[in-house]
Each structure stands twice: as structure tokens, then as C-alpha cells.
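Novice: Here is what each chain is made of, one letter per residue.
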Amino acid sequence: MNTPVRRIAIAVMAMVLLLLGNLTYVQVVKAGDYRDDSRNKRVLLAEYARKRGQISAGGQVVASSVPSDDELKYQRQYPDGPVYAPLTGYYSTIYGPSGLERAADSILNGSDDRLFVRRVSDLVTGRDPSGGNVVLTIDPEVQQAAYDQLSSKGYTGSIVALRPQTGEILGMVSTPSYDPSGLASHRAEEQKQAWTDLNAAKPPVLSNRAISERYPPGSTFKLIDVAAALSSGRYTPDSPFTAAPSITLEGTRTPLPNFGGNRCGGGETATLREALQRSCNTAFAELAAQLGTPAIQDQAAAFGIGSTDLSIPMKVAPSTLGDIENTAQLQQSSIGQASVALTPLQNAMVVAAIANGGEVMAPYLIQQIQDQELDTVSTTEPDRIGSAVNSGVARTLTEMMVNNENSYANLGKISGVQIAAKTGTAQHGADDSVPPHVWYVGFAPAEDPQVAVAVLVESGGDPNNLEATGGQVAAPLGRAVIRAALGKAP
Amino acid sequence: MAAVDDRPGAAPATPAPLPTGRGIELVLLAFAAVLVTGALGLVEANQEQQLTQALIWVGLAYLGLFTIAHFAVRRFAPYADPLILPSVALLNGLGLVMIHRLDLAELAQATAVGDPPPTELLSRQIAWTAVGLALFVAVLWLVRDHRKLSRYAFTCGLAGIVLLALPGLLPASISEVNGAKLWIRIGPVGIQPGEFAKILLIVFFAAFLVQKRELFTTAGRKFLGMEFPRPRDLGPLLLAWGLSIGVLVIERDLGSSLLFFGIVLVLLYAATERVSWLVIGLTIFMGGALIAYQLFGHVRVRVQVWLDPFADFNGTGFQIGQALFGLGTGGVGGTGLGAGRPDLVPFAYSDFMLSSLGEELGLIGLSAILVVYLVMITRGLRSALAVRDSFGKLLATGLSFAIALQIFTVIGGASKLIPLTGLTLPFLSYGGSSLVANYALVALLLRISNAARAPLNRRPAAPLPPIAEAGTELVERPK
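Chains A and B supply the protein sequences, listed in that same order. Per the numbering used here, the very first residue in the first sequence carries number 31; after that it's consecutive. Per the numbering used here, the very first residue in the second sequence carries number 67; after that it's consecutive.
Simulated from the structure, these hints should not be mistaken for laboratory data. Note that the Cβ used here is the ideal one computed from N, Cα and C, for glycine as well. There could be a bad hint or two in this list.
Here are some chain B residues pointing at chain A (derived, C-beta under 7 angstroms) [unchecked claim]:
{"hint": "1", "residue": "F379"}
{"hint": "2", "residue": "L390"}
{"hint": "3", "residue": "T395"}
{"hint": "4", "residue": "L447"}
{"hint": "5", "residue": "T463"}
Extracted from the complex, chain A is given alone in its bound form (with noise of 0.2 angstroms):
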């Protein structure tokens, strides 16, 4: 009975490899889908099993992780949470992470190849593995005045505050806002209910809308058809334009006005200085009509519009022009409408290249990686995008921004510190129902720019006020802002 003892043993080994073939299958083939299935904790308990690194900006916490007393080893809280929400993000054990908790995932955690040094060590010493820190751009004293402004009269908007010099983001809200504790809890049923309670948030909460909104930026635009005039080296601020109350759009009826119909000065004609004080929409129209679409295209994209590949580290909606088809259009988005559609922080570059002579600066939000022990392993080197105009016409552009913002009400104005700025009142929704949404681009001081703002406040800030504009609404804000930055008493 030789024979089937040998047959015995071949089937004895065929059903080894049976199990090895099919062990092969779970643990190389299915294995990456078994790791990352949601239901599998695995990895989450492993990565809460380390100290996740703090996220600070001036010294304040605003993102750290704490000792808790069950199976997840660290509890994840956020000290100001609304205030700091849309840079944070939220760090979910069901939801995931979103802002910095997803875009500076891998240094938080650790895994970050700059931190690589400290992870050796960790594993030499017996040191317990915890992640690096992260350091914010962020002035706490400009995010909270800015945060401030916007939520103390309940707009729904976003405030960016950039430095010129060096694209550092300064402050950047978000409002209305969200506490991301509900979400970190650790308690299933609890992180369910705050994620349902904050999708079903109106207005929305979640999305950060200085870089994942975009909205029509109205007359802010006009400072980018003024700098690609002045850069055609053909205008001057005195050059001469319409002043008619309304203009034919070119090759088409439609009928475009001037801002409550008015005419742009006394004159028969406006210079451009004048023209972009009183933000005449005719005068514009006629502008672009003379310079075409590809010189304000061009321009558009030298300040950074329609670049894709933006973030701060958290990933920047592209702004763009639209498509531009033909003059009539281009009349339109000279004015910031039609298809034009501009993220608050995107507007806030614009100015920003204005006060730093025409370069543009990559705005950035991680000012320095830390270890755990707060030694500082790297340090963001500002990063020039290219120069959108030269430094001539960006003095000449400041000191018609001057001249702007000397012409609106004094709301807030801070005495002793020169602005340069501008208003925008951008129409959106199919008719006038609405209110327009209003901006408020500029910086200060104008003479050595410390800082420049974009405020956004959605649909005027009240339903209701229809008549809302940049200068009575949004101006208020961004010179609150400012002040906060310049260190000003209010």
C-alpha cells in the first residue's frame, strides 16, 4: 500500500500550496484593500497610537493632541476651533482629515521624509514615535480681528491677509464657521451626528471659502485692466475715456451702466485716475474694447489667475477669466463679471503683487516643521511666482489706489496710516433679487506695505440690502484688519 501512501502525500503538499496560493491572495493581492477598508482600524489605531503633532501659529495652539483613557491612544482638540477651523481642518476617525490635518498629513504623523532624522533617533533612544510639528504664517492677532469682523455681524464671507514681501499668509476666515471637536470625538455616535448637523450647516460651514469658493470680483477687477493699460506703456492715469452713464455692449444691444447710472465725473471725459475712483463701468468697457483679450488674459494670468497648480499646502481652486469669445464679453469681465470668478485669496495676490513692486509671491501657510521636542527642522523659504508688472506701474497703480481709497466714506479709517485700496460690488444670481456680493482689496501703509487684505462678505450681508456696496460693507472689515496687522490700537 506503497503507492497511495506516496499519492497521499503529493495531495499533502498540493493542499499546502492550495493554502499558500490562496494566503498569497488575501495578504499581497487583497492586502492593500483590506488595509485601507474603513472598517479596518488597523491603521488608525496605529497612527493614534503615536503623539500627532501640534499645529501653532504666534506661540497659540490651535491643534494639538492629548493623552485619553481609551482605545485610541491621544484625543485630537482644537483650543479656538471656529476661528481656525478652515486652516486646521478636521482629523475624523470615520471622515478622514480635511485642511492642514489631510495637507500636512504626513509631517503631523510623522511619516514626513524631513523628519526622518528624529524617526531614527526615536528608534535608537526607545523614545516614544510622535509626529513633527507644524508652525502657521498665521498673526493670531490679524485671524482673530479678522474672524471677528466677520462673525460678530454675521456675514457669511472670508478675509485674507497676506505680507506682500514674502506670500506668508497672515489671517484667513472663513465664516460662518465650525468647531472641529465634534468631529475628533471619539465617540462613533457623537462624530456621526456632528458630521450630519455640520453637512446640513446653511450656509455651508465646511468648505473654506478664501480658496475653495470662487465669486465675481466685481470692480476689484478694474485693477488688473488698469495695469495691463499701464503696462501697454499706451495710457497714463490721465489718459482720457467716456463718461457716459451707459455704454452699448460692442455688437450687441444690451445696454451697460454706470453704477447707479451715473455720469463719471462733470466732464465729457474721465481720465483713467478718475475713472477707476468713481469704478465707471463705461470707461472700462471702452478701455478693454481698446486693449483686446489677450493683453487682459495675459495680465490676468502675470498676477497668477488660471494657475492650477496652487496650494498653501491645502489646494487652491484655480480662479479664471472664462472663456472670452468675443468684446461684448470682454467688456463684461473687464468688470468683473460674465465668467470671471476669483478666489479671496487669489484677489488678495493681486494686491499683494501691487505693494511688493509687481512680483508675485506664492502665498504660503506652514511658516516652520518642527520635531517634537519644537526643535525647528525646516523653514518655508518664500517662493517668487514671477513679476506681474514692473515696479514703475505698480507705483503708479499704488498711487491711484491711494487716490481710491482717500475718495471713499470713512468708515474705520485709521489715522495716521495711508491705504491703498479698492471696492468691488460684483452682481451674481439671474436677476437683482439679490444682493451683490462685496469686496474690499488693498494694503498698508502705501508708502512700505506691511500687509495686504481681501475681504469678501457674500450677497452684501443681508438679504435685505440691496443697495449694499465694497465701500460701506466690506471696507469697514479690511480696515479692521489692516490695523489689527499694523499692531494700530482701534
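Knowing the structure of chain A, use the given hints to seat chain B on it.
Specialist: Quick look at chain B alone, frame taken from chain A:
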């Protein structure tokens, strides 16, 4: 062996020293001890534990127990196969390390939520190992010649059937754990009688088949090139089939059912050299399983969980789902001993020892473990080939194949190759019955391999055949 003059009656002129293999066995045992110590060190390092005095005692107990086992083999079965005991020692040691690792996880979990510390399983398993090795030595000492076992064939068979059927007949409160009625639980001590029944039934069937071999080899019809037995000779097979289907339905355990019937079929095949028995057996087993699937809800649930464990992840599919997650997270290299979360799988220390090992040791570790099992099984089958008597051949084949089929159902079940069973991984899983029973099994295998490898003059004399089998002899009375 070839050089030995084995003419009957001729004493070797110069007794050439025969290699017993005991030296190799000792070296391999030491190697297994080194591997196990290394594994323990990794667990302690990854779990940031200090080596406690208690753990050192456990380590010394392990070394002591296998030293005793080695000397028992030297004394009672000096020519036994040298690879089997070290394989067992390695598997048992790795099992102890993993049980200790899961103890640490349970303790940490209990401390975190403020529960009293859970029962420590390591010391119990060490105790069971001691009991198992005591039985191992006892079997080697009592069973000096495996052929004598065939005298007790029917006693073994009866005891085996009783043990196999007992949990099914007892109330669920005593016998049911985790959906399968496999246990006899009295107080804190639980026994799975099926583990012992397995060995007793193998002894019975091996003896029975040797005695009644003609019955199964009588030619019936030829069909598809195979000779099929006469229908009237199918009786014993149908009895075994009924028993195994009964186990499947009443005890709700595919594992024991498959194991029992598989062993019977393989022994029949080995005894008769007829493939037709396998064909008939597998056909009626499949038929029975299909009928059971149609008739019984719990069998259907098992199959549905097998087909898609994630359909009801938080219910019936949780255990196998977690096991697959563990295996997947471990991947090729594993997370490292002590660095994974095998404790997330319910029964990680017993039925799902596979996923615990697979998560922390990876595919590489599991492959190594499978190779160790394969070494054990093939050495057992090799003894079956080498031993001279039919009963020994059948017994060694049955015992070796029992281990093979058991690891197949357990590993296949935990990795979703076949529906889940309630069996344990021999020597690796926590569980007294399995460990003790398998030590008895290994002792029998060593006994047979000793008979196969010993020089002829050292082999025990063949016992006289039982009266019933003895050829009739005419004896003349002296005048």
C-alpha cells in the same frame, strides 16, 4: 541500514553503529529554542515590556519540558524520526509566544478601560503543554509496539464514537461555544472530546481495515475505468458518512465533520488502493452537505458568511472580516511580533491563531509555519512508507493525514478558502484538548517511525496474530 547484514538469525559480526538521529534532534531542538527565544524578545521589545521573573520561569519550563521529552524519546524510541519533535517544539513555542503577546494586549485593554486584569492564558497553556508532554511520555512508555494497539481496535472505535457524539447530545449550555457544539465544559475547564476521538477512530479504522481488507477490495462493477465496490459492501462507509453528517448538523461544525470523514476516506483508499472509494465518498459527502445546506439555517449562515463576510460585517461576518483585515494589514512581511493588533479578532488566541500570526509575521512567517507542518506530516508519511506492517502503515498515514487535514480546514477557514470551522491549529492555538491530544498523536507517530528505522534485531518481535486471523493448522497428537 544497507550495510547491515539482516539475514535472519545471523548476528552482525561487527555491530556497525546505526545513526539514531538523536543528536540531530537535540541540535534542532536547541535551534527551535533559539527561534522561540528570539520571537519572545521581539514581542517584549515591541510591547516595551521588561523581562519579568515569571517569564523567565516560563522559558525555563519550556526548555525543561522539551529536554525531558527528548530524553524520553532517547529512552523509549531511540530510532524515532529526529525531525518531528523539533517541529512540534517550534510550533508549540511560537504558539506560547503569541498567546503571551495576546495576554499583553488583553491586559493593556483592560487597564485602559479600568477592568480587572483578564485571565492570563500563557501559564495555563504551559500547564497544558506539561500535561501534553506527560501523555507523550506515557504513550511512548506504554505503547512499546504499535501493533499491539490493533488488539484494542473495537474498544477504541466505541470510545471514539462516544466522544465524537457526546457534545452533540449534551445541552448547548455545556457544549456550545461560538456557534459550534464541540465542547464539554465543566466549570472553568473545557475539553473538546473530538480531538481525542480523532486519534481513537484512526486506530480503530486502521485495525478494522487491515482485518477486513478483502471486504473492501471485492470487485464490483467497472465504471469510468474504476472498479466500484459492490453496493452491499458500502455499509461501513455509509455509517461513517452518517456520523459525519450528524456532526455537521448537530454539532454545527464543518471542521470535525470534514476531518472525520476525510480521514476515513483516505484510510479506505490507502488500504484498498482504489480511487473509486474516494469518488463515492466525496460524492455522498457533497450530497449530504448540500441537503444539510437546504435544510438547516445555521449551515446556510456559515456558507453565506464564507461567500461574503463583509455583507454582515458587524454581525456574523465580524470575526472572519477582522481576520482578513489582520492578514491584509500584515501583508508580506507582517507588522512585526508585538507591533500589530491581532487582538481585534475575536478568539485570536485559539480558532484565529492564524490571523494573529499572519498579521504580525506576514505571509513569510505563515509560509515558514506551513513548511514546518509539512515537514512533520511528510516525516510521518515517510514512516508509513518505511514501516513493514499494514496496520502501522495505515495508522501512520491516518495520523499524519489528520494533521494535514486539520491545518487545511483551520487555515483555509480563517483565510476564507473554505467555510469557517471550529478547530484549532495543532500545537499553535490555545486550547488544552487539542494540545494534549496532538501530543499523544505525535507520540504514536514517533513510535511507528522508531519501528520503521530501528535495525532489525532491535525491532520488537512480531506479535502472534489474533486467533480469529490465525490460519487453521492441523495439529497431530503425538502417538
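Novice: Confirm or reject each hint.
Specialist: Hints and how they fare:
1. F379: holds (6 angstroms)
2. L390: Where the cut-off is 7 angstroms and the nearest Cβ of chain A is about 5 angstroms from L390 of chain B, the hint holds.
3. T395: Since chain A brings a Cβ to about 5 angstroms from T395 of chain B, closer than 7 angstroms, the hint holds.
4. L447: Constraint on L447 of chain B satisfied, holds at 5 angstroms.
5. T463: T463 of chain B check passes; min Cβ-Cβ to chain A is 5 angstroms, inside 7 angstroms.
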